[in-house]
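Enquirer: Each chain, written out:
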Amino acid sequence: MKYRSAFDIIGPVMIGPSSSHTAGAARIGRVARTLFEKQPKKAIISLYGSFAKTYRGHGTDVAVVGGILDFDTDDERIPTSLTIAEEAGMEVTFIIEDTVMDHPNTVKICLFDESKELELVGISIGGGTIEITELNTFKLKLSGENPAILVVHNDVYGIISSVSTVLANHEINIGHMEVSRKEKGQMALMVIEVDQKIKSDVMKEIESLENVSQVIRMVE
Amino acid sequence: MFRNVTELVELAESKNVKIAEIMILQEMEFSSLSREQVIEKMDRNLTVMEQAVERGLKGVQSVTGLTGGDAVLLQNYIKTGKALGGNLLLDAVSKAVATNEVNAAMGVICATPTAGSAGVVPGTLFAVKEKLHPTRAEMIDFLFTSAAFGFVVANNASISGAAGGCQAEVGSASGMAAAAIVELAGGTPSQAAEAMAITLKNMLGLVCDPVAGLVEVPCVKRNAMGASNAITAADMALAGITSRIPCDEVIDAMYKIGLTMPVALRETAEGGLAATPTGRRLAKEIFGSYK
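Chains A and B are the protein sequences, given in the same order.
So for the first sequence, full-length UniProt numbering puts the first residue at 1; every next one is plus one.
So for the second sequence, full-length UniProt numbering puts the first residue at 1; every next one is plus one.
It is worth saying that the hints were derived from the structure and are not from the lab.
All C-beta atoms, glycine included, are put in the ideal place defined by N, C-alpha and C.
One thing to keep in mind: the hints can contain errors.
As the list claims (entries may be wrong) - Derived list of chain A stretches under chain B, where covered just means 3 residues or more per stretch with a C-beta under 8 Å from a C-beta of chain B:
#1 73-79
#2 117-128
What the hints assert, rightly or not - Label pairs and their calculated CB-CB ranges:
#3 102/A to 138/B: 48 to 56 Å
#4 180/A to 287/B: 22 to 30 Å
#5 242/B to 34/A: 44 to 52 Å
#6 13/B to 208/A: 49 to 57 Å
#7 161/A to 47/B: 45 to 53 Å
#8 30/B to 169/A: 22 to 30 Å
#9 33/B to 180/A: 24 to 32 Å
#10 47/B to 113/A: 53 to 61 Å
Claimed, not checked - Calculated lysine-lysine pairs in the BS3-like style (CA-CA distance at most 30 Å, straight line):
#11 197/A to 41/B
#12 182/A to 82/B
#13 2/A to 79/B
#14 221/B to 79/B
The whole structure should be built from the sequences, with the hints applied where relevant.
Expert: Rendered as structure tokens:
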């Protein structure tokens, strides 16, 4: 079931004109911002399919940038987000792609500053509901709706159980979990959706585990 | 959890409750929120809908100037007493238009199920309200019933114009509204499903061909027709008329039509009305050398 809540259907409250092209795009931008953990200096936004064809008329451009500026779907600053980004010193580039993707509403967002880079691919599946399908070239499936943590780790045996043990010790229930790796034995990514927000001390505990290199929190 | 309309109707009938109640219970289970919290959340969406209709009825204009002001024209026309269609029907149409004009003007709306189709459910609700005088709780139930039917379409077909054409947006919205009107008017869960089926059947094949890629032409007027379609189908179902094709099969047909629809007619602004000489001229005027 792609849609699970009544509020996926009646909602979101948003700035018009398009739930998939405006609200969905803003949500994908905001997930990228959340994962980047701060406002980037530079954003390269690649639009595919229907996003590429109609982005200006649907406000997809201002919505993605609004999301990267951490605006919610009903933030009345969305229509002027490009100016706000410029004033805030964030360089924005749009690339209109011809490539046909699996989903007609696809966007790739690359965020940078001096110390960090992030690449995320998201799709807007309709009515403002989104899925994140790729993070730093790792395939994944993340709705962005539930609190979640992303654990970058080495693909070795026992690592999944070490991470889940930490969560169990803190009485945190796992709602959904996925493990993705590019090559056997190499770097891998765990996506863990949980029922409540994860506190910083728990994050630190996971990060200190052997073979874990990074833990990122998705804030709701 | 219900997966299709058949299961939804069976659940409501076996528990002898409204469809709205089934959606509320499922939402409580999914979100771990209390009944009060779930109701409160929907109450806020209802308020946003009320404000959007109110704003649209005062008259708005989109940035491009392509849409706006039609809701006012219709309200003035109703007041002349010369309207051929029933007042309730035209009131619903004007309120659907009002909401979608606000959407086109980048105002705040509640996507129902999408922004491009956000006018139909509130438009019909606020018009029917004048006749049936529902309580606030019943109006909130109207939205939960709409949600239940939209939930089935979203999970078994699509509510996205880019994926399934306008039948997936305004078509879904109209079916959702028709079912909710039936329930508010005292119809049974199966009558609500019949209304959904009748409405959606009449919107099958509807393409998504926005002029200049904007959510304006023909979106605003399609919301108008969606609202009138919903009210007509609701009356038909309440009269005891059934759909020969069951609701779930209609939804499935809609999904399959969407899959076979050419890309030019799925929100790419490359076909249909967008590709007419006037459509192309408007696009050029609005975006200059861009398109």
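Enquirer: The structure should be examined with respect to each hint, and the outcome stated for every one.
Expert: Hints, one by one, checked against the model:
1. 73-79: Coverage by chain B holds here, the residue count being 4 at a Cβ distance below 8 Å.
2. 117-128: With 5 residues closer than 8 Å to chain B, the stretch 117-128 of chain A meets the three-residue bar; holds.
3. 102/A to 138/B: 48 to 56 Å: For residue 138/B against residue 102/A, whose Cβ atoms are near 42 Å apart, the range 48 to 56 Å is violated.
4. 180/A to 287/B: 22 to 30 Å: For residue 287/B against residue 180/A, whose Cβ atoms are near 40 Å apart, the range 22 to 30 Å is violated.
5. 242/B to 34/A: 44 to 52 Å: Distance hint for residue 242/B, residue 34/A holds at roughly 49 Å.
6. 13/B to 208/A: 49 to 57 Å: holds (55 Å)
7. 161/A to 47/B: 45 to 53 Å: Holds - the Cβ-Cβ distance for residue 161/A and residue 47/B, about 48 Å, lies within 45 to 53 Å.
8. 30/B to 169/A: 22 to 30 Å: Given range 22 to 30 Å: holds, Cβ gap about 27 Å.
9. 33/B to 180/A: 24 to 32 Å: About 31 Å separates the Cβ atoms of residue 33/B and residue 180/A, which means 24 to 32 Å holds.
10. 47/B to 113/A: 53 to 61 Å: The hinted range 53 to 61 Å is violated for residue 47/B and residue 113/A, with Cβ atoms some 39 Å apart.
11. 197/A to 41/B: Holds, at about 20 Å.
12. 182/A to 82/B: The hint is violated at about 69 Å.
13. 2/A to 79/B: violated (45 Å)
14. 221/B to 79/B: holds (20 Å)
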